[in-house]
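Colleague: The opening position of the sequence shown corresponds to residue 1 in my numbering, with each subsequent residue numbered one higher.
Hints were generated in silico from the structure; no laboratory data involved.
Be aware that one or more of the hints could be misleading.
[As the list claims (entries may be wrong)] Per label pair, the in silico range of CB-to-CB distance:
hint, residue 1, residue 2, range
1, Glu96, Glu217, 30 to 38 Å
2, Ile166, Glu96, 44 to 52 Å
3, Val254, Gly298, 18 to 26 Å
4, Ile162, Gly337, 35 to 43 Å
5, Ile166, Lys62, 37 to 45 Å
6, Val254, Glu26, 20 to 28 Å
7, Gly298, Glu138, 47 to 55 Å
8, Asp165, Thr279, 51 to 59 Å
9, Ser43, Asp198, 25 to 33 Å
10, Asp252, His164, 41 to 49 Å
[Unchecked claim] Cut-off 20 Å, straight-line C-alpha distance, at most; resulting in silico cross-link-like pairs (SDA-like, lysine to any residue):
hint, residue 1, residue 2
11, Lys70, Thr48
12, Lys225, Glu255
13, Lys322, Arg285
14, Lys4, Val67
15, Lys211, Asp165
16, Lys55, Val72
17, Lys267, Glu219
If you're wondering where the values come from, they're calculated on a predicted model, not measured in any experiment.
Cβ coordinates follow ideal geometry from the N, Cα and C atoms, glycine included.
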Amino acid sequence: MQGKELRLEFEVVRGTYVSFSEKIKELLEGFLESECVVVHSVSSRAKTLDSLEIKAQKKLDKGSEYVDLKSVTDLAGVRVITHFASDVDRVARIVEREFNVDFQNSIDKRQAQEPDRFGYTSLHYVVSLSSERLKLSEYSKFHGVKVEIQVRSILQHAWAEIEHDIGYKASDEVPNDIKRKFSRLSGLLELADEEFMDIRDKVDAYAESVKNAVGQELEKISIDKTSLDSFAISNELVLDLDEKVAEILNADVVEPNFLPQEFDVFKLFGVGTLDQLETMLQANRAEILRRAHDVRAGSDETHFVLGAGICIFYLFQVLAAKSKSEDMINLYVETMGLMGSAEFTEYLMRF
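Produce the entire structure from the sequences given, and follow the hints as far as they go.
Modeller: As structure tokens, this is what we get:
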């Protein structure tokens, strides 16, 4: 078929492809969430009329043509951008499990491309809905409709976007001196992808070691974001105090959300390791719960949402108040960015 013929035919059904790409995006987001796969983004689109006509013309210039509209496999598209290259395979397993994959028209460019083509080594699936899902009324109109799902890491995506912007589509188009730069850069990006994965794995291992640490082992663990987050969701004392605070405030406890300035507060009070923090929590547990009761009494809120480790947040308010030093209290308030809250400062002085 000629480009103009395809264009006219696609113009009639393009709305269906727009809707289909959006449905596939929603399905994928649901699958990723249920599998706890966190990605950078999921986006959808349908091919424009102009781009379809141009694509058909290029194919014709090469001596072939599309048999019909359905032989164009990327009329609808969904792109999944992962944070790490290793997550591409996790997404791939979901796609192959949940959709009917047309493997003949799909391509894994990680295997197909030359070593210096790191930048566009994305995974391209052409898929359709399963027969079971097509039986549902909301999907029945998509019988016979296909979508291209692209999966790539964020660094691979950055390369592809920059390469596209520069304008080189094939290796033969690239001057030799620039080709050398592309090759060198591809190696650096591949190394960066691997290093980011290694950092992620080391952070996960470190967080797990904090969860398992007890007693004297906590002396060796300095306070940083990873150790504090892990401590807040695993330490028995923190869990117990958080539970009691939540009962007082009629609150839900969610993931930790420590503010950057809180780490300056740790330094202000000379708390550098998790064992020191645990000791202070134990010594001040009654005052921490008293602080929670005061929050309850002074608020019109009927329900709170609190980050795990809320007892740690209250601990330093208690420590500031117990210092009975106006200078220390003002320094705490200033460090936390609460300047201008004279009422809160006065409360801490009276506590």
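Colleague: Enumerate the violated hints, using their earlier numbering and listing them in ascending order.
Modeller: Hints 1, 2, 5 and 15 are the ones this structure does not satisfy, whereas the remaining hints hold.
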